[in-house]
Amino acid sequence: MVSIQRSSQKSYPLYFGLPAIAVFATLFLVPTITSFYYSLTNWNIHARTTEFIGLENFRRLFADKKLVAAIWHTLVYAGSVTVLRNTFGLIIAMMLNMKIRGRNVLRTVIFLPFVIAPIVIGYLFTALYHPGHGLINQLLRGCGLSFMAIDWLNDPRYALMSTILVDIWRTTGFAMVIFLAGLQLIPKELYESADLDGAGAWSRFRHVTFPLLASSLTVNMVISLIGTMKVFVMILVLTNGGPGYATQVFNTYIMSAFSIGRYGYATAANLLLFVMITVIGMPVLFVLRRREVEL
Amino acid sequence: MKNRLLILVMMSALVGTLFAAGGQEGEGQPVTLSVVLHNTTLRGPFEDIFALYKAKTGNTVEILTLAAGEDYGVMMQTRFATNDYPDVFEMDPGTKQYIKLRAEETLYDWTNDPIIDRITESTREFQTLNGKIFGIPWGSTGNLGVYYNKDVFDAIGASVPQSWDELIEVAQDAKAAGYIPFYEAGKTGWPLQIFPLDGWTTYVDPVIGDEGVQALEVNELRLNEIPAFRDVFVKFLELRDLGLDQDNLLAGDYEEQQELFGTGKVAMVLQGHWFLTILIDKFGEDFARNSVGWFPLPAEDGPGTATLYAASQFMVPKLADNVETSAELVRFMTGPEALEIWYTANPGIAVYKGVTADLYPAQQVVQDFVDMGKAKVNVQNRLSSSFIDFPQLLQQMFIDGDVDNALDTLDENYRVTGEARQLPGF
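Line by line, the protein sequences are chains A and B.
In terms of this note's numbering, the first sequence is residues 132 to 426.
In terms of this note's numbering, the second sequence is residues 12 to 437.
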């Protein structure tokens, strides 16, 4: 009797988890697994049947110059946003970790862009970036900096950079929050010991703060890398991959394949993106985890 | 127990009544039909037509609009694939839509319907594929070409150019007088297609003829193997290189194009018939009648050939719920009362016989070209595959000046799309 009761107590939590597991399996696991199969087929909206074609989709992907450019833009975007947002996020977190007046208000204001939907941010900056009557260029001209009043989104030399700047502005607050949480876990005694040893500000940062922020850095870097390699909405709203193909990224490339009904090909591209994120993200995670120090 | 049973029976009856209240076709009850339109189609006249239809039949029509463009077709295909059929839907022109939607299996066959006798001969031919008609044309034959501001032309003493060199001269005179000769909506993207498509009928069709287009249709000729088409792209770049486009072509947008044309700052724009409708809406009928002219892209040594933009079409899925009622709706829409409503609000070159519309001067010029036999349907409407990503690759061409790369990409996209659609020869 007791063993039956114990057995049913062990399986009881499973019953509550089953609905969630079923939803997860249906909406995530099954599509993910079947996408491996569909990437090897000629599945498209015009075909009555779907046929296995082996690696033909992948062969075409690697032969497409537009994809090569899209991958390059994606890597530039991901690298730039990851490094810069975490750098600014860390600097701002350290400043707002000090006892300064209004720091709570400042923390809120800096975090605010992150809670606004990317599509709204995108439309906002489309107006701000307007070369003629956008606020940014008007301010630059007003300050005598007309030479900097460029065509932010329509000049192929600057369009990608402009989208990167918007994403940095939007997500620095999130990085700041993670770093702030990490900073507040660092025992003050360590700083006091460092002061007693005669450490200056840079030494304190290098030998105390930065090592003990390793776990926050890991979280920020990995989330940022994965999220920025999947960038889509910001590019779609600001430039739609243009002008020309100047800001085409991996996900806009995939979207264009889906929009003409080439589902098998687009699924193969999606799989390639997944592999790219894994190949880049896993080593980064591994290297950063090794740096983490247990407090 | 008895009370519980009684309540159960009453609730079942109530639920059954609610489900039965949809009014399926054939039960004599009014039905609600769904009609899908492009979001660029004027909704007002349709609302008037459907109000008249409701007054006569008791059936209600709900309008749903979807974004126009290549994605519109994909969305309709997706709805068909998921058996989510609208009752009636507007579709882009051309028999390629029959292929996309596998018309024999999915669409109502209008071939022997009395409506067909009321359609103009050229339109009927255009709508026919292998002897069958699955789409009822709607509205007017449109056009692509050069819209010019007559006030600007008067100010610079210009007349309609009769050759490519004259066009350049007029543009240079406009620039010297402080006007923008051509405004291209480069940022918006899709208007960039007008120049090469209009250039095709003037420069390419006379060289390759219908046989050449047929060869393209079955992938026996490639787009990057047509020197005349390459020349059209070179001419397009020439306008920019001569400084005859606005300063920042890639920043130009469609709204600004309308605004600057309507306020007399721009001499010419490459646009389609919908541009006139917008000008009427923004700047009034008088402006459209007195200040807007049109001509096709001139040839090297002559006035050029008008590019016609085939009328859109209405289709009825034969697998939808209310097929016969939907077909009756389409017959009503193409009847005299409804056509009167439509053409009063949208004067144009009607695809129906016996319709007299008060054409605007710009439209009359198109009609004159049609009457002279110097008009041809836009090549995209004559091909079953599509020029995918055309706006993007034109933008890229303006960035890097590489005409050959643009043509190679266009050709590649065309063949990939033909293959994806499983067209013969691809």
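Hint data in this document are derived by calculation from the structure and do not stem from the laboratory.
Fair warning: there could be bad hints in the mix.
Mimicking SDA-like on lysine to any residue, the simulated pairs with C-alpha atoms at most 20 Å apart in a straight line are [what the hints assert, rightly or not]:
#, chain 1, residue 1, chain 2, residue 2
1, A, 196, B, 412
2, A, 197, B, 347
3, A, 319, A, 332
4, A, 196, B, 232
Evaluated hints:
Of the supplied pair hints, the one linking residue 196/A and residue 412/B holds, its CA atoms being roughly 17 Å apart against a limit of 20 Å. As the CA atoms of residue 197/A and residue 347/B are separated by approximately 51 Å, the hinted pair breaks the 20 Å bound. At most 20 Å may separate the alpha-carbon atoms for a hinted pair to count; residue 319/A and residue 332/A meet this at roughly 14 Å. Our distance criterion of 20 Å between C-alpha atoms is broken by residue 196/A and residue 232/B, whose separation comes to about 23 Å.
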